[in-house]
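From just these sequences and the hints, can you work out the full model?
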Amino acid sequence: MQQPTETLPTGLEARQRVSALYQTHALALKKLAFVMTGDQPTAEDIVQDAFLGLCRRWPSLHESDNALGYVRTSVLNGCRSVHRVRFRRQGITLDAPEDTASAEDLAILGEANREVLSAIRRLPARQREAVVLRYYLDMTQDQAARAMGVSPGTVKSATSRGLAALARMLKEDK
Amino acid sequence: MSAQEPMSIEDRVRTATQAAATLVRDIGPLPADPEQAHPRRGRGGAPRRWISWGVPLAAAAAVVLLAVTLVAVRGTPSATTATGRKAAPTKTATPAPQPTAASVPRYYVAVDEEGSGRSALTVGDDVTGTAIATVEPPSGTIFLSVGGAADDRTFVVSGGSKPDAVPDAWYLLRIAPGAARPYQLATVPIKVAGGSSADILAYALSPDARELAVESQQNLFYGGDAVTTLAIYSTSSGARLRAWTTDAYSQYLGYPGTLTWLAGGRKLAFSHVPAGPGEADQNQVRLLDLAGGSPDLLAASRVVLTMPEPQSSPSTCNMLNLTPDGATVICATQYDSTGGGQATEKGCASGGLAFIAYSARTGRPVRVLDKYLGPCTSGQSDVLWTNASGSVFIGQTEINPTSQSGKEVDIVGAITDGRLRPFKLPASVTALGSLTFAF
Chain E
1 MQQPTETLPT
11 GLEARQRVSA
21 LYQTHALALK
31 KLAFVMTGDQ
41 PTAEDIVQDA
51 FLGLCRRWPS
61 LHESDNALGY
71 VRTSVLNGCR
81 SVHRVRFRRQ
91 GITLDAPEDT
101 ASAEDLAILG
111 EANREVLSAI
121 RRLPARQREA
131 VVLRYYLDMT
141 QDQAARAMGV
151 SPGTVKSATS
161 RGLAALARML
171 KEDK
Chain X
175 MSAQEPMSIE
185 DRVRTATQAA
195 ATLVRDIGPL
205 PADPEQAHPR
215 RGRGGAPRRW
225 ISWGVPLAAA
235 AAVVLLAVTL
245 VAVRGTPSAT
255 TATGRKAAPT
265 KTATPAPQPT
275 AASVPRYYVA
285 VDEEGSGRSA
295 LTVGDDVTGT
305 AIATVEPPSG
315 TIFLSVGGAA
325 DDRTFVVSGG
335 SKPDAVPDAW
345 YLLRIAPGAA
355 RPYQLATVPI
365 KVAGGSSADI
375 LAYALSPDAR
385 ELAVESQQNL
395 FYGGDAVTTL
405 AIYSTSSGAR
415 LRAWTTDAYS
425 QYLGYPGTLT
435 WLAGGRKLAF
445 SHVPAGPGEA
455 DQNQVRLLDL
465 AGGSPDLLAA
475 SRVVLTMPEP
485 QSSPSTCNML
495 NLTPDGATVI
505 CATQYDSTGG
515 GQATEKGCAS
525 GGLAFIAYSA
535 RTGRPVRVLD
545 KYLGPCTSGQ
555 SDVLWTNASG
565 SVFIGQTEIN
575 PTSQSGKEVD
585 IVGAITDGRL
595 RPFKLPASVT
605 ALGSLTFAF
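Top line first, the protein sequences correspond to chains E and X. Per the numbering used here, the first sequence runs over residues 1 to 174. Per the numbering used here, the second sequence runs over residues 175 to 613.
Derived by calculation from the structure, the hints in this document are not laboratory data. Treat the hints loosely; a few may be bogus.
For each label pair, taking beta carbons as the anchor points, the in silico distance ranges come out as [as the list claims (entries may be wrong)]:
hint: 1; chain 1: E; residue 1: 140; chain 2: X; residue 2: 476; range: 32 to 40 angstroms
hint: 2; chain 1: E; residue 1: 143; chain 2: X; residue 2: 466; range: 37 to 45 angstroms
hint: 3; chain 1: E; residue 1: 143; chain 2: X; residue 2: 182; range: 15 to 23 angstroms
hint: 4; chain 1: X; residue 1: 182; chain 2: E; residue 2: 41; range: 28 to 36 angstroms
hint: 5; chain 1: X; residue 1: 414; chain 2: E; residue 2: 137; range: 35 to 43 angstroms
hint: 6; chain 1: X; residue 1: 411; chain 2: E; residue 2: 137; range: 44 to 52 angstroms
hint: 7; chain 1: X; residue 1: 314; chain 2: E; residue 2: 170; range: 51 to 59 angstroms
hint: 8; chain 1: E; residue 1: 137; chain 2: X; residue 2: 482; range: 24 to 32 angstroms
hint: 9; chain 1: E; residue 1: 167; chain 2: X; residue 2: 499; range: 42 to 50 angstroms
hint: 10; chain 1: E; residue 1: 140; chain 2: X; residue 2: 581; range: 40 to 48 angstroms
hint: 11; chain 1: E; residue 1: 143; chain 2: X; residue 2: 365; range: 33 to 41 angstroms
hint: 12; chain 1: E; residue 1: 143; chain 2: X; residue 2: 189; range: 17 to 25 angstroms
One side of the interface only, derived from the structure: several residues of chain E facing chain X at Cβ under 8 angstroms [said to hold, decoys possible]:
hint: 13; residue: 30
hint: 14; residue: 31
hint: 15; residue: 34
hint: 16; residue: 40
hint: 17; residue: 44
hint: 18; residue: 48
hint: 19; residue: 109
hint: 20; residue: 110
hint: 21; residue: 124
hint: 22; residue: 132
hint: 23; residue: 135
hint: 24; residue: 167
From the structure, some residues in chain X lie toward chain E, with a derived Cβ separation under 7 angstroms [as the list claims (entries may be wrong)]:
hint: 25; residue: 183
hint: 26; residue: 184
hint: 27; residue: 186
hint: 28; residue: 187
hint: 29; residue: 194
hint: 30; residue: 195
hint: 31; residue: 198
hint: 32; residue: 201
hint: 33; residue: 204
All C-beta atoms in this analysis are idealised placements derived from N, C-alpha and C, irrespective of residue type, glycine included.
This is the structure:
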């Protein structure tokens with residue numbers, strides 16, 4: 001993994017700490033962003049933007065232990081933005097993973113999984129986030145609420161509605 | 175689990191997402207220069223530091239059924255404007271008056287958001303359709319957003335070092351149409367609470383342009399509580415005159431366009447989304463009496479209206495505006511699939527995009543002020559200005575096209591009783607919205 005270079009303007013400590021966080025967590029966050037968006041270059045952009053934001057904010061972070069939470073929430077925001085823009089600009093729902101996946105990837109995923117992922121990406125933002133945080137990252141309701149910046153009750157209702165919507169969509173897609 | 179037993183939906187989600195994650199095998203190095211890593215990507219880029227501004231709000235009010243069941247007070251039967259708005263049959267014997275040029279602000283300021291890292295302001299005349307002046311930003315600064323005062327001559331403009339920056343520069347723009355020098359731009363030395371670690375949620379210039387109300391929130395990501403501050407600053411000295419705080423905000427921060435001055439500058443309306451344990455968020459419009467003694471934002475204010483989160487409607491409130499007389503809340507809707515429910519072309523074209531008046535006294539919807547009835551797949555509406563009662567307002571509707579109708583359309587104009595007077599705008603004015611287009 002290449003280290004951030006000396007041009008980062010945020011000081012030695014910031015470079016070292018952010019670099020360490022990037023090495024440890026960036027791939028997992030890119031996976032999260034890919035699950036949300038279905039596009040690897042976009043997912044990578046979102047994650048790197050989030051870490052660069054962390055670099056810039058580092059001097060004013062009150063608790064460096066909060067950095068991972070900051071980055072994760074930034075990634076969620078970035079994914080939300082991508083979905084919103086796609087919807088508004090294209091006037092359609094969301095790109096399915098088939099658009100960007102290779103033939104090999106498609107084979108790995110399998111048709112059933114592709115259907116589920118496509119349905120997840122058609123969910124409203126909050127429901128999508130709640131479902132993915134709860135069942136992909138296996139977060140508790142409280143952890144997901146913290147990541148999303150909402151109450152646990154909202155996570156509970158968003159998850160419930162999201163699962164119901166998924167079940168409906170997958171049934172309709174049959 | 176037997177071979178015949180179907181997987182639960184939860185297990186299907188787990189299986190599919192884990193399978194998708196295996197496709198991501200590496201990530202490139204972190205770019206070295208944060209400022210140049212990802213040049214401005216326009217609307218597709220990372221979210222601005224203006225939380226929720228121009229963003230479809232997940233917590234909003236279901237309005238589709240409302241839009242089709244309420245009486246829409248409209249103009250001439252079957253009239254169709256050049257913008258595609260089709261008037262519904264009127265319920266009144268006397269045709270409703272057209273909004274006259276004299277009843278709405280004539281001058282506007284628009285931020286050019288589509289430029290490449292350098293955003294000028296266009297000062298325009300909505301009657302003649304001409305641009306009066308172009309205001310270039312000071313060196314090293316980009317204009318980010320704009321708001322207007324009540325005199326149709328004074329505007330406040332925020333600026334920053336880059337498009338996604340937290341605004342750290344404020345200007346008063348005074349225009350003088352017809353004068354040899356048609357504008358003056360003066361720096362306002364305001365330092366918003368929290369500095370660069372705070373997000374600015376909303377701001378509003380007082381009717382006399384002497385004070386600026388700014389709602390900001392300590393960023394959640396810096397640890398501690400997300401303290402929100404509503405402060406009033408002097409536009410002449412930059413001094414903070416008064417402030418109220420609360421730590422009761424969630425990340426979903428409601429409606430920035432709600433921040434408005436009322437009662438001649440003695441009260442402020444603002445939006446609040448309680449982060450309580452309820453099953454659904456409740457979006458509140460609150461009214462703060464500036465004469466009150468409590469420094470607690472919620473204790474010093476009262477709820478005017480509460481909007482429930484929609485269960486399944488694609489038509490939701492994009493903005494909530496309390497009219498200056500305090501009697502009406504105008505909900506400008508958005509129509510898409512982001513808030514709940516699936517958007518359809520039929521639903522969009524059947525009043526999914528509308529301006530709906532709610533009674534501040536009863537909290538109940540009372541009238542559809544206007545609705546878009548042309549072809550669309552999705553879109554959103556904003557209220558850019560309203561008179562004291564809301565009987566005349568300036569609305570903007572962004573319409574995403576159907577496959578047949580072609581390109582995205584923006585409709586901007588003055589609306590009275592369902593009748594629209596579209597504004598003429600120069601071609602250079604493209605960034606239409608509550609942040610970048612002010613009267």
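We went through each hint and held it up to the structure:
Checked against the given bound of 32 to 40 angstroms, the beta carbons of residue 140 of chain E and residue 476 of chain X, roughly 36 angstroms apart, stay inside it. Taken as a hint, the range 37 to 45 angstroms holds for the pair residue 143 of chain E and residue 466 of chain X, whose Cβ atoms sit roughly 38 angstroms apart. Separated by about 21 angstroms at the C-beta atoms, residue 143 of chain E and residue 182 of chain X satisfy the suggested range of 15 to 23 angstroms. Hint check: residue 182 of chain X to residue 41 of chain E, Cβ distance near 33 angstroms, so the stated range 28 to 36 angstroms holds.
Taken as a hint, the range 35 to 43 angstroms holds for the pair residue 414 of chain X and residue 137 of chain E, whose Cβ atoms sit roughly 41 angstroms apart. Here the CB-CB span from residue 411 of chain X to residue 137 of chain E is close to 49 angstroms, well matched to the stated 44 to 52 angstroms. For the hinted restraint 51 to 59 angstroms between residue 314 of chain X and residue 170 of chain E, the CB-CB distance of approximately 53 angstroms keeps it satisfied. The given range of 24 to 32 angstroms is respected by residue 137 of chain E and residue 482 of chain X, whose C-beta atoms sit roughly 29 angstroms from each other.
Checked against the given bound of 42 to 50 angstroms, the beta carbons of residue 167 of chain E and residue 499 of chain X, roughly 48 angstroms apart, stay inside it. A hinted range of 40 to 48 angstroms for the beta carbons of residue 140 of chain E and residue 581 of chain X is consistent with their spacing of about 46 angstroms. Look at residue 143 of chain E against residue 365 of chain X: about 36 angstroms separates their beta carbons, and that is inside 33 to 41 angstroms. For the pair residue 143 of chain E and residue 189 of chain X, the beta carbons lie near 21 angstroms from each other, so the given range of 17 to 25 angstroms is met.
With 8 angstroms as the threshold, the beta carbon of residue 30 of chain E comes within range of chain X, its nearest partner Cβ sitting at about 5 angstroms, so the hint holds. With 8 angstroms as the threshold, the beta carbon of residue 31 of chain E comes within range of chain X, its nearest partner Cβ sitting at about 4 angstroms, so the hint holds. Here the hint on residue 34 of chain E is kept, as its CB sits about 5 angstroms from the closest CB of chain X, short of 8 angstroms. The restraint placing residue 40 of chain E at the interface with chain X holds, with a minimum CB-CB distance near 6 angstroms, inside the 8 angstroms limit.
Hint on residue 44 of chain E holds. Least Cβ distance to chain X is approximately 6 angstroms, under the 8 angstroms limit. Restraint check, residue 48 of chain E versus chain X: the minimum CB separation of about 6 angstroms is within 8 angstroms; hint holds. Using the Cβ-Cβ criterion of 8 angstroms, the hint placing residue 109 of chain E at the interface with chain X is satisfied: the shortest such distance is roughly 5 angstroms. For residue 110 of chain E, the suggested interface contact is upheld, since its CB lies about 7 angstroms from the closest CB of chain X, less than 8 angstroms.
At a threshold of 8 angstroms, the smallest CB-CB gap from residue 124 of chain E to chain X is about 5 angstroms, leaving the interface hint in force. Interface hint status for residue 132 of chain E: upheld, as the beta-carbon distance to the closest one in chain X is roughly 6 angstroms, under 8 angstroms. Below 8 angstroms, beta-carbon pairs count as interface contacts, and residue 135 of chain E has one with chain X at about 4 angstroms; its hint therefore holds. The interface hint given for residue 167 of chain E is met, as the beta carbon of that residue sits about 5 angstroms from the closest beta carbon of chain X, less than 8 angstroms.
The closest approach between the C-beta of residue 183 of chain X and any C-beta of chain E is roughly 5 angstroms, which is under the 7 angstroms cut-off, so the hint is satisfied. Checking residue 184 of chain X against chain E by beta carbon gives a least distance of about 6 angstroms; that is within 7 angstroms, so the hint holds. Given the 7 angstroms rule on beta carbons, the hint for residue 186 of chain X holds: about 5 angstroms separates it from the nearest Cβ of chain E. Using the Cβ-Cβ criterion of 7 angstroms, the hint placing residue 187 of chain X at the interface with chain E is satisfied: the shortest such distance is roughly 4 angstroms.
For residue 194 of chain X, the suggested interface contact is upheld, since its CB lies about 5 angstroms from the closest CB of chain E, less than 7 angstroms. Taken as an interface hint, residue 195 of chain X checks out: its beta carbon lies about 4 angstroms from the nearest beta carbon of chain E, inside 7 angstroms. Because the smallest distance between the Cβ of residue 198 of chain X and any Cβ of chain E comes to about 5 angstroms, under 7 angstroms, the interface hint for this residue holds. Against a cut-off of 7 angstroms between C-beta atoms, the interface hint on residue 201 of chain X holds, since the closest Cβ of chain E lies about 5 angstroms away.
Interface hint status for residue 204 of chain X: upheld, as the beta-carbon distance to the closest one in chain E is roughly 5 angstroms, under 7 angstroms.
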